[in-house]
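Let the hints inform the model, and build the full structure from the sequences given.
Just so you know, the sequences run in chain order A and B.
Residue numbers are given in our numbering: position 102 of the first sequence equals residue 102, and the series is strictly consecutive.
Residue numbers are given in our numbering: position 253 of the second sequence equals residue 253, and the series is strictly consecutive.
Calculated from the structure, these hints are not laboratory results.
The C-beta atom is built at its ideal place from N, Cα and C for all residues, glycine as well.
Be aware that one or more of the hints could be misleading.
Unchecked claim - Capping the alpha-carbon separation at 27 Å, the derived lysine-lysine pairs in DSSO-like fashion look like this: (1) A:K77 to B:K188; (2) B:K180 to A:K77; (3) B:K89 to B:K321.
As the list claims (entries may be wrong) - Here are some chain B residues the structure puts well away from chain A; computed CB gaps all over 12 Å: (4) H5; (5) G37; (6) V162; (7) W339.
Stated by the list, open to error - From chain A, some residues computed to sit far from chain B (all C-beta separations above 12 Å): (8) A43; (9) R71; (10) A99; (11) V128; (12) K157; (13) H206; (14) Y234; (15) I261; (16) T281; (17) A283; (18) I308; (19) Q313.
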Amino acid sequence: MATARAEPSVIRNAASGVAKSAGKQHRQSTGDPAFKWMTILCAAIIAVIMAGISEELVRNSHLSIKQFGFRFFVSPKWNPVTQEFGAASSVFGTAVSTAIAVLLAVPLSLAIALLLVELAHPVVSRFVGGAIELLAAIPSIIYGMWGLFVFAPFMAKHVQPALANTLGLLPLFQGPPMGIGMLTAGIILALMILPFVSAVTRDVLHMVPAVLRESGYGLGATTWEVTRKVSFRYGMSGIVGAVFLGLARALGETMAVTFVIGNDHTMSASLFGAGNTIASTLANEFSEASEPMYLSALFELGLALFAITVLFQIVAQLWLRRLGRTMGTR
Amino acid sequence: MIMKHLMVRCLAVALPVAALLCCAPARCFAVTVNGAGASFPYPIYSQWAYKYESLTGTRINYQSIGSGGGIAQIKAGTVDFGGSDAPLKLEELDKSELVQFPLVIGGVVPVVNVSGVSAGQLKLSPELLANIFLGSVNRWNDPAIAAVNPGLSLPNTAITVVHRSDGSGTTWIFTNYLDKVSPTWHQKVGTEKAVAWPAGVGAKGNEGVAAYVQQISGSIGYVEYAYALQSNLAHVLLKNRAGKFVEPTITSFQTAAAKADWANAAGFYLVLTDQPGDDSWPITGASFVLVRRQQSDPTKAKAMLEFYDWCYRHGAEMAEKLHYVPVPLNVVELVETNWRGAISANGLPVWK
Chain A
1 MATARAEPSV IRNAASGVAK SAGKQHRQST GDPAFKWMTI LCAAIIAVIM
51 AGISEELVRN SHLSIKQFGF RFFVSPKWNP VTQEFGAASS VFGTAVSTAI
101 AVLLAVPLSL AIALLLVELA HPVVSRFVGG AIELLAAIPS IIYGMWGLFV
151 FAPFMAKHVQ PALANTLGLL PLFQGPPMGI GMLTAGIILA LMILPFVSAV
201 TRDVLHMVPA VLRESGYGLG ATTWEVTRKV SFRYGMSGIV GAVFLGLARA
251 LGETMAVTFV IGNDHTMSAS LFGAGNTIAS TLANEFSEAS EPMYLSALFE
301 LGLALFAITV LFQIVAQLWL RRLGRTMGTR
Chain B
1 MIMKHLMVRC LAVALPVAAL LCCAPARCFA VTVNGAGASF PYPIYSQWAY
51 KYESLTGTRI NYQSIGSGGG IAQIKAGTVD FGGSDAPLKL EELDKSELVQ
101 FPLVIGGVVP VVNVSGVSAG QLKLSPELLA NIFLGSVNRW NDPAIAAVNP
151 GLSLPNTAIT VVHRSDGSGT TWIFTNYLDK VSPTWHQKVG TEKAVAWPAG
201 VGAKGNEGVA AYVQQISGSI GYVEYAYALQ SNLAHVLLKN RAGKFVEPTI
251 TSFQTAAAKA DWANAAGFYL VLTDQPGDDS WPITGASFVL VRRQQSDPTK
301 AKAMLEFYDW CYRHGAEMAE KLHYVPVPLN VVELVETNWR GAISANGLPV
351 WK
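Put into structure tokens, the structure is as follows:
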């Protein structure tokens, strides 16, 4: 039965196969544009969402922009009773906490990535790499709670008094050691962005072609020389990208910062002092703001943060482009 | 053949799952009432809701997001009732078509974390409290504090003020008191759910303030009394209007509340701070509930009002255990009479 029917079916299959391949070509010529338009649609959705967010922010801050104008960004006042608002303390806090985070996290991340790629035993590298990635998975509110209940007392009892004793002459390290404050918030932010920067840096260093590194070793360079002059040079644009990724995360981090920064609308010269960031102010005050001017001022703060993030993205792109030109990859 | 087999397999999985998901008759008809607002009464509301659900099956879900949040949400219509420590004036109630009534009364207590000072030891006068929060008195061994506390040795540490970072009815009650007793405070700061604090750090929620005061040595903050007890913080004695130093206790809150004139308060707008009486605690406040005048679901509205009625008549003991003051029964009668006239669903009054 099978063989009796085989021949016609073989012919049928062959015929349909020919037809299929002809149809497939026809389908391919419709499949490709369809795929193209689907991906364009997905990308366009992102653009539409971005435009929607910025439109919403601008529209809702209109009241505050009209009332305060440019003064908003230089005024440190934040008074819900008299309805006078100013973003200076929030922007300052965002800048300082992010700066501390990046200054602490970037050297550490580079060192960790170096260890994992160049120096460590593969088993150690896998284990430590896994631990770093686990750090990235911890929710930010857990960082906040850990910061408030474990880290802040540690800072108050050991770290801040030690800093005050050794560097206390600098205005940066004066004031009562409360544990909570700008320094603690900056350190917790550093812990949060460390995994991202080190993971990306590690991948970047892995991608350095072995032939380049071996050439360096072959010419008699030491491990450190190969790392500095070959690996880092080759992966510089990737590393810069990783740093900006971490920076963007630190700019917008909310809950971890709200728990430990002290939420005070002042600009303190000391790192031990309390402050606030744009994200922490929004987290604290947005749900209860009932007056239109208050809400509008908060929206304007959100718009400021949005603008700062976009600005950093542009700076990152320009820097990477310039790096590409000097390093010869473009 | 294959399709049929697949369908049978799907049904074999789906039917038991559907049966599990389908609630038992009692839960199928259980009403859920959603509320949000003040963190001040959150401990007692959650206890009441738990007990009430075990008795009747009606679920009352209350989220502690702050008084400002409660007011915003009830005005926006996203919750069935809002909780606020700051009462709304009658004009605002009329504009937003809300009914307001007190559900429980409590006290705001300043708490300290000073080495060598235990609960109920430190005495403060109203002006001194205001000056500490203004930042003009900033060390614990300041002569002004020593003058009121002879015999108590206070260390030479800086005073760290801890206030609320979020908008809150607890802040409203506290600043209302400071506003009344200190002209400097009235001029410089004022009273609101969120103010421009002249000094100190901010923590989120009563829980946050309690945590900060526990952590920071030499700190002073203000919390609702239940939080002070639950976190084992050292409370202070305050000098009241009659000139006596009082402890925050049920009796002192009750004394402050008893002298209040609820019958003549339009929309039940009454602030209980700085009330007369030898034993009155000066920072007492009622926590209010806001509901809409026009209810869309009569069953849910009735269930909600029955919950409040239960809280008034059967929740007094639980309230006192948590150091809240139950609303006096004569006030309950006023509140329920108001419900009869003000709250309706589909044109008919909800409460008979």
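Results of checking the hints against the structure:
no.: 1; hint: A:K77 to B:K188; in the structure: 13 Å, holds
no.: 2; hint: B:K180 to A:K77; in the structure: 24 Å, holds
no.: 3; hint: B:K89 to B:K321; in the structure: 31 Å, violated
no.: 4; hint: H5; in the structure: 25 Å, holds
no.: 5; hint: G37; in the structure: 10 Å, violated
no.: 6; hint: V162; in the structure: 9 Å, violated
no.: 7; hint: W339; in the structure: 25 Å, holds
no.: 8; hint: A43; in the structure: 34 Å, holds
no.: 9; hint: R71; in the structure: 16 Å, holds
no.: 10; hint: A99; in the structure: 21 Å, holds
no.: 11; hint: V128; in the structure: 32 Å, holds
no.: 12; hint: K157; in the structure: 9 Å, violated
no.: 13; hint: H206; in the structure: 42 Å, holds
no.: 14; hint: Y234; in the structure: 46 Å, holds
no.: 15; hint: I261; in the structure: 9 Å, violated
no.: 16; hint: T281; in the structure: 9 Å, violated
no.: 17; hint: A283; in the structure: 8 Å, violated
no.: 18; hint: I308; in the structure: 22 Å, holds
no.: 19; hint: Q313; in the structure: 30 Å, holds
Hints 3, 5, 6, 12, 15, 16 and 17, counting from the list given before, are not met by this structure.
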